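**Q** Please model the complete structure; the sequences and the hints are all you need to start from.
Numbering-wise (the UniProt record's numbering), the sequence shown opens with residue 1 and increments by one.
In case anyone wonders, no lab produced these hints; they're calculated from the structure. Do not take every clue at face value.
Claimed, not checked - List of simulated lysine to any residue pairs, SDA-like, C-alpha gap at most 25 Å:
id, residue 1, residue 2
1, Lys154, Leu128
2, Lys547, Leu473
3, Lys147, Asp160
4, Lys480, Ala10
5, Lys45, Asp160
6, Lys408, Asn177
7, Lys110, Asp51
8, Lys110, Lys147
Since the structure is predicted, the reported quantities are computational estimates derived from the model, not experimental observations.
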Amino acid sequence: MANQRCNDSAPKETSLNMGIGLGKGGGNLTRKLDLVEQMEFLFVKVVRTRDLPNTRHEIYVEIKIGNLKATTCFFENKATPSSSHALNQVFAFEKDKIHDTYLEVLVKSKMVALNMPNAFFGRVQFSLRDVPTRVAPEYSLAPQWYKLEDQNGKQHVRGDIMLSLWMGTQVDEDFPNAWCSDATSMSGDAVGYTRSKVYMSPTLWYLRVNVIQAQDLLFRFPPESSDVFVQVDLGNLRLRTSFSKSLNPLWNEDLMFVAQEPFSDTLVLSVEQGTLAQHVSLGRCILRLKDVDERVDGQDADSRWYNLNWHGTNETEREVKFASKLNARISLDGGYHVMDEPSEYCSDFRPSSRKLWNSSIGVLEVGILKATDLVPMKWGTRTDAYCVAKYGPKWVRTRTVFDSLSPKWNDQYVWEVFEPFTVITIAVFDNNQLNANRRGGRASDAIMGKIRIRVSTLDRGKVYTHSYPLVGLQHSGVKKMGEVHLALRFSWSCMSSLSMFQSYISPLFPIHHHVLLLSPAKLDNLRNQAAHIIANRLSRAEPPLKKEVVYYMLDSRSDMWSRRKAIANFNRVMSLIGDFIAFWKLLERIRVWKDPIASLLFNLMCFLILFYPQPMMPFVIFYLFWVGLKHYFKRPKHTCQIDATLSGANLATPEDLAEELDVFPTQLGGEPLRRSYDRLRIIARNTQRVANDLATLGERVQALSNWRDPRATTIFLLFCVVGFLVTVIVPVRVVIFIWITYYLRHPRFRGILPSVPQNFLKRMPTKQAFIL
1 MANQRCNDSA PKETSLNMGI GLGKGGGNLT RKLDLVEQME FLFVKVVRTR DLPNTRHEIY
61 VEIKIGNLKA TTCFFENKAT PSSSHALNQV FAFEKDKIHD TYLEVLVKSK MVALNMPNAF
121 FGRVQFSLRD VPTRVAPEYS LAPQWYKLED QNGKQHVRGD IMLSLWMGTQ VDEDFPNAWC
181 SDATSMSGDA VGYTRSKVYM SPTLWYLRVN VIQAQDLLFR FPPESSDVFV QVDLGNLRLR
241 TSFSKSLNPL WNEDLMFVAQ EPFSDTLVLS VEQGTLAQHV SLGRCILRLK DVDERVDGQD
301 ADSRWYNLNW HGTNETEREV KFASKLNARI SLDGGYHVMD EPSEYCSDFR PSSRKLWNSS
361 IGVLEVGILK ATDLVPMKWG TRTDAYCVAK YGPKWVRTRT VFDSLSPKWN DQYVWEVFEP
421 FTVITIAVFD NNQLNANRRG GRASDAIMGK IRIRVSTLDR GKVYTHSYPL VGLQHSGVKK
481 MGEVHLALRF SWSCMSSLSM FQSYISPLFP IHHHVLLLSP AKLDNLRNQA AHIIANRLSR
541 AEPPLKKEVV YYMLDSRSDM WSRRKAIANF NRVMSLIGDF IAFWKLLERI RVWKDPIASL
601 LFNLMCFLIL FYPQPMMPFV IFYLFWVGLK HYFKRPKHTC QIDATLSGAN LATPEDLAEE
661 LDVFPTQLGG EPLRRSYDRL RIIARNTQRV ANDLATLGER VQALSNWRDP RATTIFLLFC
721 VVGFLVTVIV PVRVVIFIWI TYYLRHPRFR GILPSVPQNF LKRMPTKQAF IL
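**A** Structure, rendered in structure tokens:
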């Protein structure tokens, strides 16, 4: 695939034919499905067969509508003449793809392909003009028994089949479990991977293990010759305390884990003696998480003494109890919000404990309409695309549209909103689980791109219908993978308006985050634990949500080094200070009197502010109000989302992307690794130079008063004494007037040499000369 630059990264407004009615509901999560377009389907439900002729071969039912064909799973025909075989399979044929007026339902044997006799049992034919229409939420149509006919349809043959047929839309209750017309050629075990599903992340808690001390340990080696530490295991995760050589070691260290409800895991605390590579157990205790205290306030948990037991290394040695004890505080902290996403675009800030949850402030509705101009991801210009959306603990997955570069999903989902400063993430993937061989080889679903939309940027009740570009990062370069069309609406009641505005002045994180602070390094470690737990839980669902999908949605690699992101952040900083730089350049132009009129007016304004300072603050506030009012008429009309240009994607080279997409530890080697390392050294050199300049400037200011240079400090202190006397005697306005007059003096009164303060400051000693 050729490398395609992504210059057009702005959303485009689209039109939408809304209005698929559902039942009227009074709850927040029961609404009309009016953000998606109506898709009509012909539903065929094959319930069961009976009284078929005896055969040793497997039987199946085939449905034909012109060129469209679908088959049920194979089933064995029992020897009993009156036997009945339940199927209960539903097929959905998209109305736009039906180009015939008749539908045939055929009962066949598995040996029909070999032209074996008695391989065809019979058929039933229907006219599509007579198929009734079902409007949700009406009850489903009752199936009926139909007598099988011969191939010509002239006489009845032995056997019956129970069917029901109706016309409906994607809101039909049988649609989520139906085989759609684009997936009917798949095998029965693969069709489950094409259906839409809703997933829920497990409720996560922080587990705090505060290891305090141990007493009466039975050492295996002399304690002064080896180290003692505590090893804590929760599932597959292991953390350790620092080392101690005392007879009664004291640690008082916090070890943090992420635990998931319903707390079925066990916690193992073991006191070890030796080194990290080779150590022996001095005793351990095993706790069930269900027995650990849950803490939802900021109070410290009670410390307890736990008996340490020793387990033998072979079957002949049993568990031995002795007097060794371990003192620890262990608690499940429900007052924290367990971070599974970066805080900059988190979708939920609620604490773990449901007791601390506030009521919702609104409802976010998202209609995932379709995708257009997708890039072929498989051989034969094929793409089997599905969409995943994540907000809070709720994940949704649309059905997989088989073999289409312009798939239509038209699914609508609803989330409750508890905090407006949250982000919903929507991504598109290519399904690689439809082939049994690739699925057996653990093929990964291909990433096609994602978008993020912040809820607080949406107006109340307004429907946003836009197409968003999907930008994919690949080793070959950055490429536009297509566009995804969405409809969004954020609404809340008048009763929730007060809670909405109150949330803007409330702390973003729960109080626990401010009372018991967690370091950034510890938060990163805990976020990785949470992502691993969620990925394992959702990968065990049916159909599974693949781990690579979960990690991509949670942006688990956001903290990895990326030259592209470094340049993008630098550009952000430069854009932020661009106005200050422009003002500084304007001030320099005024200072050197390039425009005498502007310089003169600026001098007069400074003197007016100096002698009449009272109107200055109201004027600044009015100016801010005027700027906001002016920007109101230029406010954005579309939602904000990932910007490829802002991300530096349009300037990233294949070498940059290969380095960014590389796993940790690196898989690069040879010449590519050498080039990446050399480039990183250049970047590190420039960063080191900037850090050196900033440190040098700060140390020169410190050197004014630390007597490292006695003469310079003496001069500085004399200057301070003179300055103190001058400011006491002379009014402040006169001092400021003299300084402004001196700073804005005409160029003919200036010299080309640096000023006296600059010369003095540059002579201050720094620590740079003492670095090896």
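**Q** If a hint holds in the structure, say so; if it does not, say that too.
**A** Going through the hints against the structure:
1. Simply put, Lys154 and Leu128 have alpha-carbon atoms about 20 Å apart, close enough for the 25 Å limit, and the pair holds.
2. This hinted pair checks out: Lys547 and Leu473 have alpha carbons roughly 18 Å apart, not beyond 25 Å.
3. Distance check on the hinted pair: Lys147 and Asp160 sit about 5 Å apart at the alpha-carbon level, within 25 Å; holds.
4. For the hint pairing Lys480 with Ala10, the CA-to-CA distance comes to about 12 Å; that is within 25 Å, so the pair holds.
5. Restraint check: the Cα-Cα separation between Lys45 and Asp160 comes to about 15 Å, which is no more than 25 Å; the hinted pair holds.
6. Proximity of Lys408 to Asn177 is assessed by CA-CA distance (about 17 Å); at most 25 Å being required, the pair is judged to hold.
7. Between Lys110 and Asp51 the CA atoms are separated by roughly 18 Å; this keeps the pair inside 25 Å, and the hint holds.
8. Between Lys110 and Lys147 the CA atoms are separated by roughly 21 Å; this keeps the pair inside 25 Å, and the hint holds.
Of the numbered hints listed earlier, not one is contradicted by the structure.
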